[in-house]
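**Q** Listed below are the residues making up each chain.
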Amino acid sequence: MRKRLLTGVIAATVAVTSLVAVSSSQAASIDYSKCTDLKSCGGMDALVKAAQKEGKLNVITIPRDWANYGEALDLFTKAFGIKIADDNPDGSSAYEIQTVKTAPKSKAPDAVDVGITYGADNVNLFAPYKVATWKDIPAQWKEASGRWAGDYYGQIALAYDTSVTKAPKSFADLKDPAFKGQVAIGGDPTGAQEALMSVFAANLASGGTPANIQPGIDYFKGLKASGNFVSVLANGQNLAAGAYKVSFSWDFNGPGAIASAAKIGKTIKYVIPTDAVIKGTPYIMAIPFNAPHPAAARLWSEFLYSQNKGKTSATLGSVKGLSGSKIFASIQGGQNIWISGAAHPITEAAMKTKGLAINPPAGFETPAGATVVLPTPDQQTAAKELLKTQWPNL
Amino acid sequence: MRFKKYSWLPLLPFFLFTGYFLLWPILGVTLRSLHDNHGNWSLSNYTPLLSGAYRHAFVTSIRLSVITSVISSLLGAFFTLVIVKNASSRLTSIIESVAAVFANSGGVPLAFMYIAAFGAEGMFTKILKFFGWDIYAGHFTLFSFTGVVLVYTFFMTPLMIIVFRPAILGLRKEWSEASLNLGATNLTYWRRVAIPILTPSFIGSFFLLFAGAFSAYATARALTVGTVPLVPIIIGTLVDGNVISDQANLGDALAVGMIFVAGIAMIGYIWAQRSAAKWRQS
Numbered sequence: 001m002r003k004r005l006l007t008g009v010i011a012a013t014v015a016v017t018s019l020v021a022v023s024s025s026q027a028a029s030i031d032y033s034k035c036t037d038l039k040s041c042g043g044m045d046a047l048v049k050a051a052q053k054e055g056k057l058n059v060i061t062i063p064r065d066w067a068n069y070g071e072a073l074d075l076f077t078k079a080f081g082i083k084i085a086d087d088n089p090d091g092s093s094a095y096e097i098q099t100v101k102t103a104p105k106s107k108a109p110d111a112v113d114v115g116i117t118y119g120a121d122n123v124n125l126f127a128p129y130k131v132a133t134w135k136d137i138p139a140q141w142k143e144a145s146g147r148w149a150g151d152y153y154g155q156i157a158l159a160y161d162t163s164v165t166k167a168p169k170s171f172a173d174l175k176d177p178a179f180k181g182q183v184a185i186g187g188d189p190t191g192a193q194e195a196l197m198s199v200f201a202a203n204l205a206s207g208g209t210p211a212n213i214q215p216g217i218d219y220f221k222g223l224k225a226s227g228n229f230v231s232v233l234a235n236g237q238n239l240a241a242g243a244y245k246v247s248f249s250w251d252f253n254g255p256g257a258i259a260s261a262a263k264i265g266k267t268i269k270y271v272i273p274t275d276a277v278i279k280g281t282p283y284i285m286a287i288p289f290n291a292p293h294p295a296a297a298r299l300w301s302e303f304l305y306s307q308n309k310g311k312t313s314a315t316l317g318s319v320k321g322l323s324g325s326k327i328f329a330s331i332q333g334g335q336n337i338w339i340s341g342a343a344h345p346i347t348e349a350a351m352k353t354k355g356l357a358i359n360p361p362a363g364f365e366t367p368a369g370a371t372v373v374l375p376t377p378d379q380q381t382a383a384k385e386l387l388k389t390q391w392p393n394l
Numbered sequence: 001m002r003f004k005k006y007s008w009l010p011l012l013p014f015f016l017f018t019g020y021f022l023l024w025p026i027l028g029v030t031l032r033s034l035h036d037n038h039g040n041w042s043l044s045n046y047t048p049l050l051s052g053a054y055r056h057a058f059v060t061s062i063r064l065s066v067i068t069s070v071i072s073s074l075l076g077a078f079f080t081l082v083i084v085k086n087a088s089s090r091l092t093s094i095i096e097s098v099a100a101v102f103a104n105s106g107g108v109p110l111a112f113m114y115i116a117a118f119g120a121e122g123m124f125t126k127i128l129k130f131f132g133w134d135i136y137a138g139h140f141t142l143f144s145f146t147g148v149v150l151v152y153t154f155f156m157t158p159l160m161i162i163v164f165r166p167a168i169l170g171l172r173k174e175w176s177e178a179s180l181n182l183g184a185t186n187l188t189y190w191r192r193v194a195i196p197i198l199t200p201s202f203i204g205s206f207f208l209l210f211a212g213a214f215s216a217y218a219t220a221r222a223l224t225v226g227t228v229p230l231v232p233i234i235i236g237t238l239v240d241g242n243v244i245s246d247q248a249n250l251g252d253a254l255a256v257g258m259i260f261v262a263g264i265a266m267i268g269y270i271w272a273q274r275s276a277a278k279w280r281q282s
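Keeping their order, the protein sequence lines are chains A and B. Its first residue numbered 1, the first sequence is counted upward by one per residue in the numbering used here. Its first residue numbered 1, the second sequence is counted upward by one per residue in the numbering used here.
The reader is advised that the hints may include incorrect statements.
Under the rule of at most 27 Å between Cα atoms (straight-line distance), these lysine-lysine pairs were calculated in the DSS-like manner [said to hold, decoys possible]:
1) K266(A) with K129(B)
2) K180(A) with K126(B)
3) K175(A) with K126(B)
4) K166(A) with K126(B)
5) K85(B) with K173(B)
6) K169(A) with K221(A)
Which residues of chain A face chain B? A partial, calculated answer using Cβ under 7 Å [as the list claims (entries may be wrong)]:
7) G115
8) T117
9) D121
10) N124
11) G181
12) D188
13) T190
14) G191
15) A192
16) L196
17) S231
18) L233
19) N238
20) A241
21) A243
22) W391
Partial list, derived from the structure: chain A residues whose beta carbon lies under 10 Å from chain B [said to hold, decoys possible]:
23) F220
24) G227
25) V232
26) T366
27) K384
28) N393
If you're looking for bench data, these hints aren't it; they were derived computationally from the structure. Note that beta-carbon positions come from the ideal geometry of N, C-alpha and C, so glycine has one too.
Please model the complete structure; the sequences and the hints are all you need to start from.
**A** Now the structure itself:
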């Protein structure tokens, strides 16, 4: 009995090994976990073919209503027939990095979308890959060898329930007693990027510079003292309960938030404040070394950075018989999908020069003549240190 | 703890479970807290705990836990007495089930329940306003230290009822009869017999509530967005945030600090349980 089992095991092992040998010899020409740009990946046709063969893409912590990611996921699957698994959509950047480090290979993410410091601090986890539009990404927001790059920014908007007595247009407006008990923030600024940037924006509106956010903290202290600020977490649920009416929010969460508020009979509006336009340092995208679907990961990356104007998931027809590069050229690129979701793609400036940028949704326009300020990573570090001691004692 | 041969076998799953979900993580957290970001052994993560914002967080957490435990244990003990003495068995079982439900409520749902009830546009806020009491006219707000105390008391008082009820049921009728026969008044019976017997159980329950309040996280986080500095919330921003990417080991050190405080509470609990057990023997 034992002997027979052993023979069986040997036979099976031989069979499996020879299978592996056959399949690897077929695709041996290109190692998709190592190729660093479209050319070394064999061109778009080969990349699409290899990605389709993998058939799957693991993404992580991508909420569907965040910066129109839902459309990007749907369009990618519809165009290339690649299934996407999204692990823990509402998780944090820290969770993403932890998963890259500890998840078994089959469940590891193929791409991450994290706060910028998480990229810089974990550069060794990521494989270098430069997308076709690499040169359009500003130098300060990418890693020189291609291990990570910014993908989109947000701007801090005022989001308000239209039942407020007067529509706010600026940070200064919110000091009005009419907003007593109505102003909230989307998290702890030492833990949530959106909240951190809200403090930067309030700071700018209060005459501060990004190098010193004390006036921004004082702004919130003032709002708390006057009773206008409530420390309830600004989210859809609490808005629905009437716990607050005005919050500071990434503009790119607007379309999703407006739609879900409408479902429960609330009308909310987004407005970019007139007294401060803060553009958040971009979130960054990176492909982990141990990505289980390396070709799909690189195709996803090319797709997110594509500046094409084209078909959306709603307008795309059958792609049967089309080559990979034809399909890719026919669909809306990720950079424009972000614009359609009120986000600001990293290559926006180049897209505008080339006339490739589509128009943002109505109501999310940056006020004419506004100076857009981007806090640098160093300024953010200084701000966090200040907030760590002062926010808890607001 | 000595076992007959193989008699420990049925307990094996329990040991595996606690080993994997309790001891193993404690070991991991402790080891990580003793390393700096470059993987070298270091005590540097512990220095920030002794001063400034992090010490303040420990003080705030302990203060919150003590205040809520005192309120909840006193209220809970009082309710338990009233229930045991007066309620019919049917009512008691209803109260027990309700207490069990409330004692296990917590986290974001509990916070939301309070927001929906006592928020600026909450149901009860409106009802009270209708009757002429605007709870937001003064300085009260749900989204503050006081608010968190109120919400914690909501789940801790029922917990007290559950953990303290056995002690009160354990007061034997013979004892009160005996002391009455010996000429004691009801008050003397309570002062000289019942309260001394109940004290260890009361202290034990207090420590249990303390540990629960000390480790609670999501409720306070949903109500304060970090404006009330509690240790678990700060650990959350360090190990599971989107902003601070290089201080997870400091979070681990804070966690070890919490384990230390919770450990003291548990030692107190065990001591109290032992003292209480004296009266259950014989």
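**Q** Determine for every hint whether it applies to the structure shown.
**A** Verification of the hints:
no. : hint                 : verdict
1   : K266(A) with K129(B) : 23 Å, holds
2   : K180(A) with K126(B) : 16 Å, holds
3   : K175(A) with K126(B) : 25 Å, holds
4   : K166(A) with K126(B) : 22 Å, holds
5   : K85(B) with K173(B)  : 12 Å, holds
6   : K169(A) with K221(A) : 20 Å, holds
7   : G115                 : 5 Å, holds
8   : T117                 : 4 Å, holds
9   : D121                 : 5 Å, holds
10  : N124                 : 12 Å, violated
11  : G181                 : 5 Å, holds
12  : D188                 : 3 Å, holds
13  : T190                 : 5 Å, holds
14  : G191                 : 3 Å, holds
15  : A192                 : 6 Å, holds
16  : L196                 : 6 Å, holds
17  : S231                 : 4 Å, holds
18  : L233                 : 5 Å, holds
19  : N238                 : 6 Å, holds
20  : A241                 : 5 Å, holds
21  : A243                 : 4 Å, holds
22  : W391                 : 6 Å, holds
23  : F220                 : 9 Å, holds
24  : G227                 : 8 Å, holds
25  : V232                 : 5 Å, holds
26  : T366                 : 24 Å, violated
27  : K384                 : 6 Å, holds
28  : N393                 : 8 Å, holds
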